[in-house]
Amino acid sequence: MQEQPAGGPNRTRWTPSGEEQKHTWGWVLQAVTGMLVLLLVTLHMIANHFVVQRGLRDFAAVVAYLSNPLVVVLEVLFLVVVTWHGLLGLRAVLFDFGFSRRVESWITRVLWVVGVAIVFYGLWLTWVIASYH
Amino acid sequence: MTDVMDPGFDTHSTEAPGRPFRFRVFRYKQGDRAPHFEEFSLHVAEDTTVLDALTAIRNRLDPTLVLRHSCFHASCGTCGLRVNDREAMACVTKVVDLKSPVIKVEPIANQALVADLVTDMVDFYARFNAIGRAFVQAVAGPPDAATPEGVGHYSRFENCIECGLCLSACPIVASDPRYLGPAALAAAWRAVEEPRGLDPNAILQLTDDEQGSWRCHAAFECSEACPANVDPAGAIMLLRQRQVGEQLRSMLGGRRR
Amino acid sequence: MSERLVEQSPAGREGVDSAAVQRRTDGASPRRRGVASWGDPRGRRLGGWAFVLHRVTGLGILIYLFLHLAVLSLLARGPSAWDDFVSIALSPFFLFFDVVLIFGLLAHGLNGIRVTLVGFGLVVDRQKAMFVALMVLGAIILIVAALRIFEVG
Amino acid sequence: MSQASSAPHVVVVGGGGTGAAVAHDLVLRGMSITLVERGELTSGTTGRHHGLLHSGARYAVKDRESAVECIEENRILRRIAPGSFELNDGLFVAITPEDEACEPLFFESCLASGVPARRVTREEALRMEPNLNPALRCAVQVPDGTMDAMRLPLRFFATARRNGATIKPFTEAVAMTIVQNPGGRCVTGVAVQDHMNGRRYEIGADIVVNATGPWGEKIARLAGVDVPIQPSPGILVAVRGRYCNMVINRLHESGDGDIVLPQRELSVIGTSSWVTDDPDHLAVPANHVEEMFRQGSAMIPAIRSAQTRATWSAARPLIGERGASTGRELSRTFKCFDHAAEDGVEGFVTISGGKATTLRAMAEATADVICRKLGIESPCRTREYPLLAHTDYYA
Numbered sequence: 007m008q009e010q011p012a013g014g015p016n017r018t019r020w021t022p023s024g025e026e027q028k029h030t031w032g033w034v035l036q037a038v039t040g041m042l043v044l045l046l047v048t049l050h051m052i053a054n055h056f057v058v059q060r061g062l063r064d065f066a067a068v069v070a071y072l073s074n075p076l077v078v079v080l081e082v083l084f085l086v087v088v089t090w091h092g093l094l095g096l097r098a099v100l101f102d103f104g105f106s107r108r109v110e111s112w113i114t115r116v117l118w119v120v121g122v123a124i125v126f127y128g129l130w131l132t133w134v135i136a137s138y139h
Numbered sequence: 002m003t004d005v006m007d008p009g010f011d012t013h014s015t016e017a018p019g020r021p022f023r024f025r026v027f028r029y030k031q032g033d034r035a036p037h038f039e040e041f042s043l044h045v046a047e048d049t050t051v052l053d054a055l056t057a058i059r060n061r062l063d064p065t066l067v068l069r070h071s072c073f074h075a076s077c078g079t080c081g082l083r084v085n086d087r088e089a090m091a092c093v094t095k096v097v098d099l100k101s102p103v104i105k106v107e108p109i110a111n112q113a114l115v116a117d118l119v120t121d122m123v124d125f126y127a128r129f130n131a132i133g134r135a136f137v138q139a140v141a142g143p144p145d146a147a148t149p150e151g152v153g154h155y156s157r158f159e160n161c162i163e164c165g166l167c168l169s170a171c172p173i174v175a176s177d178p179r180y181l182g183p184a185a186l187a188a189a190w191r192a193v194e195e196p197r198g199l200d201p202n203a204i205l206q207l208t209d210d211e212q213g214s215w216r217c218h219a220a221f222e223c224s225e226a227c228p229a230n231v232d233p234a235g236a237i238m239l240l241r242q243r244q245v246g247e248q249l250r251s252m253l254g255g256r257r258r
Numbered sequence: 009m010s011e012r013l014v015e016q017s018p019a020g021r022e023g024v025d026s027a028a029v030q031r032r033t034d035g036a037s038p039r040r041r042g043v044a045s046w047g048d049p050r051g052r053r054l055g056g057w058a059f060v061l062h063r064v065t066g067l068g069i070l071i072y073l074f075l076h077l078a079v080l081s082l083l084a085r086g087p088s089a090w091d092d093f094v095s096i097a098l099s100p101f102f103l104f105f106d107v108v109l110i111f112g113l114l115a116h117g118l119n120g121i122r123v124t125l126v127g128f129g130l131v132v133d134r135q136k137a138m139f140v141a142l143m144v145l146g147a148i149i150l151i152v153a154a155l156r157i158f159e160v161g
Numbered sequence: 054m055s056q057a058s059s060a061p062h063v064v065v066v067g068g069g070g071t072g073a074a075v076a077h078d079l080v081l082r083g084m085s086i087t088l089v090e091r092g093e094l095t096s097g098t099t100g101r102h103h104g105l106l107h108s109g110a111r112y113a114v115k116d117r118e119s120a121v122e123c124i125e126e127n128r129i130l131r132r133i134a135p136g137s138f139e140l141n142d143g144l145f146v147a148i149t150p151e152d153e154a155c156e157p158l159f160f161e162s163c164l165a166s167g168v169p170a171r172r173v174t175r176e177e178a179l180r181m182e183p184n185l186n187p188a189l190r191c192a193v194q195v196p197d198g199t200m201d202a203m204r205l206p207l208r209f210f211a212t213a214r215r216n217g218a219t220i221k222p223f224t225e226a227v228a229m230t231i232v233q234n235p236g237g238r239c240v241t242g243v244a245v246q247d248h249m250n251g252r253r254y255e256i257g258a259d260i261v262v263n264a265t266g267p268w269g270e271k272i273a274r275l276a277g278v279d280v281p282i283q284p285s286p287g288i289l290v291a292v293r294g295r296y297c298n299m300v301i302n303r304l305h306e307s308g309d310g311d312i313v314l315p316q317r318e319l320s321v322i323g324t325s326s327w328v329t330d331d332p333d334h335l336a337v338p339a340n341h342v343e344e345m346f347r348q349g350s351a352m353i354p355a356i357r358s359a360q361t362r363a364t365w366s367a368a369r370p371l372i373g374e375r376g377a378s379t380g381r382e383l384s385r386t387f388k389c390f391d392h393a394a395e396d397g398v399e400g401f402v403t404i405s406g407g408k409a410t411t412l413r414a415m416a417e418a419t420a421d422v423i424c425r426k427l428g429i430e431s432p433c434r435t436r437e438y439p440l441l442a443h444t445d446y447y448a
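Protein chains in written order, with our numbering: chain A, 7 to 139; chain B, 2 to 258; chain C, 9 to 161; chain D, 54 to 448.
Since the hints were derived computationally from the structure, they do not count as laboratory data. Remember, it's a predicted structure, so these values are computed and weren't measured experimentally. For every residue, glycine included, the Cβ atom is placed at its ideal position computed from N, Cα and C. Do not take every clue at face value.
What the hints assert, rightly or not - What follows is a set of in silico ranges between Cβ atoms, one per label pair, in the way DEER data are often shown:
| id | chain 1 | residue 1 | chain 2 | residue 2 | range |
| --- | --- | --- | --- | --- | --- |
| 1 | A | PRO75 | B | SER251 | 36 to 46 Å |
| 2 | B | ALA17 | C | PRO49 | 27 to 37 Å |
| 3 | C | LEU98 | B | ARG34 | 56 to 66 Å |
| 4 | D | VAL227 | B | ALA17 | 28 to 38 Å |
| 5 | D | VAL227 | A | VAL116 | 55 to 65 Å |
| 6 | C | VAL140 | D | PRO354 | 49 to 59 Å |
| 7 | C | ASP92 | A | LEU80 | 25 to 35 Å |
| 8 | D | SER358 | C | PHE158 | 55 to 65 Å |
| 9 | D | ASP330 | C | TRP57 | 49 to 59 Å |
| 10 | B | HIS37 | C | ASP48 | 16 to 26 Å |
| 11 | B | ASP86 | A | TRP133 | 25 to 35 Å |
| 12 | D | SER358 | B | MET252 | 46 to 56 Å |
| 13 | A | LEU83 | C | ALA89 | 25 to 35 Å |
Okay, chain A solo, but in the shape it has when bound (with noise of 0.2 Å):
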């Protein structure tokens, strides 16, 4: 069989983003995290308002419940990823309007800051209510 010769690499005028990295683990991450917040906001949900009565703690309930050191961990860990999940998907809508990509190298480090500030402002809070206890 005679290939066809139907255009090569030096005739794209279809150009990748340029970037180096794969994005391969940019959707790896997507979907593992996705899973996650999946598992995780199962398990707050149930956490704090299925087994709770009237299904929201008061005050004291919540400082106790956040004395268990692995409650600290697990609900930490479901901030981390569903922070991620939830930035990553807004860029990935955002990026879908075609900014330039100047605008869309802001918007990534934007999310960044953002996503960094969230982090440790949940820190700082789980710190004050564990310090009431």
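Take the given structure of chain A and dock chains B, C and D to it, following the hints.
Below, chains B, C and D alone, put in the same frame as chain A:
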């Protein structure tokens, strides 16, 4: 060749007695400030297609109407249009099957408009050519696959008729022209699946990109729109599977295949 | 095709490009449907609905996450601030929003399972059936959760 | 243009396979070319044909000249347009004893025409094509092929344009510019209507080529000449499913057979014949559709229950006297009319008749006539000149 003296009843007639339909046709000539819709009335028979109706409009009602068509059996891919808000090949879309007294006909979306129902295919091929693919195999398969049960196995990329309906239907292409798009990614998967002289690794790496296979958000509108069973969305997902596999392999120290 | 085949090529690549431009329009836009088309329900099939549902619920949940974290700051302001909020949050009005939240979580989470499987090239040809099945499962869970919430309220 | 601006300017009217090949041939001979087409390229008869790359076997018994021409062009096209054909060969199948009685003459005629042919037993034929009618008696294998009816001409267009031709689709020839010279009338240009912007303008030409197939008479009338072109429509039916891998022809007494071709996931069945005056209005008669299913299922019984994908008609541009009642009475060869010699109109040439397989040969004959008229000595180069990919047309 079979000689039949009497041409008989025309199953694709666009004349009375047939059922009357109104066609709202997208009109635009270069230099117009904005496109508009123009309405034409035609009678149609049971087998009359949207393409029959449009060519009848051009031949009898308005010779300035331009549209693309060539093969009349959904093999060339030129007459892809948006009919009543859905992508369709005009030549195999029967008017009566649309079950609507008004038929809205527009050019495919997300492509540069030339005039009326004609779009410029340069953008489509700029993506398509990024992969580089022959469109016909020397022989399309072993003869024993030609049985009725084996017919399904011919669902191969070369079925792609390069019509651009997938680009018109894709919500991501609708908002961002940088996305490589379904047709070219499906071509990429075909090349990985059956390289025939192309380098599958180069194609895997080229499309393992934020503007490549990872840009798809699984709306599957391309596969719904495809008139040739290429299933571009399915191809994109299989491409991703292979890309993840290759990345894992290289991370674990194995060499890329 | 290799360049040697191209004899008498007048201006190389430029010649070809200008020829391509012959067919281009004077300034007509590409008629890109744009981001607005995500909200256009006309002509959409099941997968397209799933795509829109996933985006809308995802953005909704993200907004909720910000609100939720903001509200939790009341905890830092001591017992009375938090306990006052708790009494408001248990009003039927707020409970309705809890049901909406659970709807969003279920729709996004369950469709997320489908998107993940499909995205890894698994059960791609069953994606529609999977969407229907997961949404039916979600509806059942939502009804159970809603009953539980209002029973408690 | 790299050619001197003094290069003769030829306007080709008609963007089908013939026009494409004519533009390609002339531009290689150093001429400046503008091609105009009313609609999209290949939107006339070219795109609608069944996509058969003739081996010539179909004409071997009754029209040896056509058969020789087909096998020669078949070989040339495979060479200059690799990748455009499914090299799947054709099978002429004898179903009835009457069919079988024709086989020796058919086989010998193929060989005598230079068409490689191989006798195939009933068992071997059924092994190669399991869907064939098990009642078949014998078969002959020949180097038929299938092509994409649009994309092969697109390769000619792509190559012609890369070499400097100007291709103008959606541009309709509406009038000829005619000058009255002492020696007679002379066509000096074409008035066209650009349907993309509604503008009307004139294109000057040293020669105007009428390559509009079944519309040939209509265009010739613009130049005030009459050409004996009879549009002869035939119907084609595409069914879902690839019921054969080879081109299946009926081995008939006429040698004219009925045909089933694989095209992607479809099988295309052809074809009938009648005559019309208006190639723009082609009926798809119900009784012809039935006839296609009858003829097709005689060779491949499963076609009887196949799902129809499309039915359509295409008009052949046959050369012959008006008044013929069917297409069969008319010649299947092509002819280039120099209207200076035949009608006293200078600067106007019509090419018509022929088959998709012979598009290059038709272009060569036309270009020879044009070179002779213009006094240019430039040999035809299209036999060896490889064509660009169809995708390059849009590059």
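Against which earlier hints does the structure fall short, listed by number upward? As far as the earlier hints go, 6 and 11 are violated by this structure, in ascending order.
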